[in-house]
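A.B. asks: Next come the chains, spelled out residue by residue.
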Amino acid sequence: MANQFCTYETAWCPGCGNFPIIDCLKTTLEELGKKPNEVLVAAGIGQAAKTPQYINTNAFCGLHGRSLPAAVAAKIANEKLTVIVNTGDGDSYGEGGNHFIHNIRRNIDITHFVHDNQIYGLTKGQASPTSMLGLVTGVQVDGNINEPLNPLLLAIAAGAGFVARAFSGKKEHLIDIMKQAINYKGYALVDILQPCVSFNKVNTFSWYNKRVYELKDDYDYTNKINAITKAMEFNDKIPIGIIYKENKPTYHQKNKILSDNIPLIDKSINKKIIEDMFQEYI
Amino acid sequence: MYNLLIGGAAGQGIETTAAILEKLLKTSGYNVFSTKDFMSRVRGGHNFSLIRFGTEAIHSHSNVLDGIIALDDNTIALHKDNLKETGFILCDANLKTIDTRAIKIDLNTMAKKLGNPRVSGSISIGAVLKLFGETLQHINTVVPQFIKKELVNINLTAMADGFNCTEKKFAHLDGQYSNYMLISGTKAVALGAIAAGLKFYTAYPMSPSTGIMESIAAKSDKAQIVVEQAEDEIAAINMAIGASYAGLCSMTGTSGGGFSLMVEALGFSGIAEIPLVVIDVQRPGPATGLPTRTEQSDLDFVRSASQGEFPRMVIALRNQEDAFYQTIRAFSLAEKYQLPVILLSDQYLGDSLATIKTFDIKNVTPQKPLTQYNDREKYLRYKYTPSGISPRLVPGKTDQVVIVDSDEHDETGHITESADVRNKMVDKRMKKLKGLYHELLEPDFIGREDFNILLIGWGSTWGALQEAVTILNEQNKEKYAALVFGDIFPLPKKLLQEKVAQAKAIINIEQNATGQLAKLVREEIAITFADSILKYDGRQISGEDIVNEIMRRK
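Protein sequences appear in the order of chains L and F.
Reading the first sequence from the start, the letters are residues 7 to 288 in our numbering.
Reading the second sequence from the start, the letters are residues 2 to 555 in our numbering.
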């Protein structure tokens, strides 16, 4: 049977890491038994951010860097929606850096898949927040001199309850991580390493493929100190899998209005309550 | 009509004293109008409230005083020149003033004797009630509205003590306003939003807009509203848009600086056709400007903010009734035409309290997006229609998928670069303005039908213009009228053209330095303004100020 989430022709370069990621997302949603109208895929702007254009779900293609605020608000509106943000490293960690930090603090039950190719693709090859030191680009002509951001470390430090890394070249593993992230109750970050075949000539498919290794069952992702150490590993070896996981109260559980599990969109009050409010001014 | 000033340093309790006193006066039957003049500091400096009350309608503050309640010497020094010869200065016995109008009371000693130095404000209230021939009959019902339960009794005693240590000086006047509301512009906006069906309010704190968020938060439990303090204004507006996309009646609010950060998302609401209500409570700019003061200098900005072209609506709030009813209307227009509606308020209107008829919401029915789709055709979020308005479904409420895009898009909502689709989509969006034009409300016309001098203003100078036109017509050989715009962009032109044709001279009166309304009017119709009265010192123009300025320039 054809996957109900498949629809549209894409504008990505042949060999782009976005292809396996969107394939895995479609498979994940299908295998989780979701229906297209129950899912909202939100994005900002960028190559990865075109994901909602190419998948048959509700789609919110917002502004550059601003996918998280819109996505979390949609979840506040209707908790029955499965809300997923698929967008890039520039969108998530650069333009949207402030939203990244503060939505971890909110812990709204959404999933954030960051397509991390360590480069700006849509604007044709400038350094991204995760670009490695020394990367030469049309702007960083003498090589990138700014420390790359470690999104996993930042997320753990900010208090995220689900922090994982995956690689677009390990599809089965990616699907497994995607499922766990979507099922996690709270904000889940998955930093997905992916090659950019056109603009990142350093961090290629084989560069990642040589380095990534799957975390085994003996790795305790509930131990924060372990997780911090693991999150810092990004050199000859790069761990993929769940780096840190902790159950914590979600925004909906913490918020007095939302904690009754009735979607906000279905709540209403009668006029009498409003009219009573006028009385205190008389 | 009487006019009182309560002044002192920040932290001395002026706000609570004024709030209790003005409510007592309103409860006694007076029409009350009060304003605040506060510095951007938590302690020290000089702050004051003006409370004007009488038996007739009052729409503006006045700087001519019948009484000063001075909590420090500085207040007396700064304001005694505005005090009438027959006026009084109520102050503590320890203040240095030798003004013959001073009524010195041992406020601090009396308060200490009662066991709490902070009740001196209540002693003053008691004394003022006596001075104006009032009774203590309403203090038992009014005081608990403003004072913590455990402190109510001591404050009631303090009021009685103050009442007993002064003599009546002015006559009580019988007013008919005891059943009216006494409410600020800020609170009226909050209640308007709630009445419109608000479910989500998000903002980043910024004076003078924060009071709206606090007022809604105070009612969030009863009204089932989620209030979320955003990490910045960019997040706030994008959250409001995301919630609106998902079907919630949502709103954000800020002042000019925060609005500057929201600008890109304003255009997003425009192209993605997601209903959005934003309130800009103006303060003097640019940049940080004068944070706690007032100005009308964002009109040029908000009517053109954001790149590209898209339909929008700007409504200026003129008074506390507008603040309520126009906020409701903003939600309804935003939903109906699927566009951003910007409400323009300012510090003066937000912080002023006026006496108005109790809000009536019998005819208010919140507009909602569609929750059903039975059409046999494929659902198209951006379907071309004669009105330009496409059916708006929300995600998850039907079996359709809803696709919205900040890129130019086709009818389905998907990204496109087709020249043909681009033209059609721009036309579709702009076509919505045709419907909107029919909904525009003409400006308020004030004054004599047979006028020859026409004053033109907008927003919160409405009250001052009301008063000015009345005084001018009483005093002058010339005949005056005013047009005050609420709906301001797109500019309603019918009444304007009619009245302009009759005017011998036209004067624009605005709280900005460049005459932004005059500029907008001249874009639409060819007229010459004989004069401009422009005020940009951060303090609101009063009716008297307008009269004096017109007389001075004659």
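Worth double-checking, as some hints may not be accurate.
Under the rule of at most 27 Å between Cα atoms (straight-line distance), these lysine-lysine pairs were calculated in the DSSO-like manner [stated by the list, open to error]:
hint : chain 1 : residue 1 : chain 2 : residue 2
1    : L       : Lys-260   : F       : Lys-337
2    : L       : Lys-262   : F       : Lys-337
3    : F       : Lys-223   : L       : Lys-273
4    : L       : Lys-278   : F       : Lys-337
5    : F       : Lys-97    : F       : Lys-149
I should point out that these hints are in silico values taken from the structure, not numbers from a laboratory.
A.B. asks: If a hint holds in the structure, say so; if it does not, say that too.
C.D. replies: Going through the hints against the structure:
{"no.": "1", "hint": "Lys-260(L) with Lys-337(F)", "result": "violated, 34 Å"}
{"no.": "2", "hint": "Lys-262(L) with Lys-337(F)", "result": "violated, 31 Å"}
{"no.": "3", "hint": "Lys-223(F) with Lys-273(L)", "result": "holds, 12 Å"}
{"no.": "4", "hint": "Lys-278(L) with Lys-337(F)", "result": "holds, 25 Å"}
{"no.": "5", "hint": "Lys-97(F) with Lys-149(F)", "result": "violated, 33 Å"}
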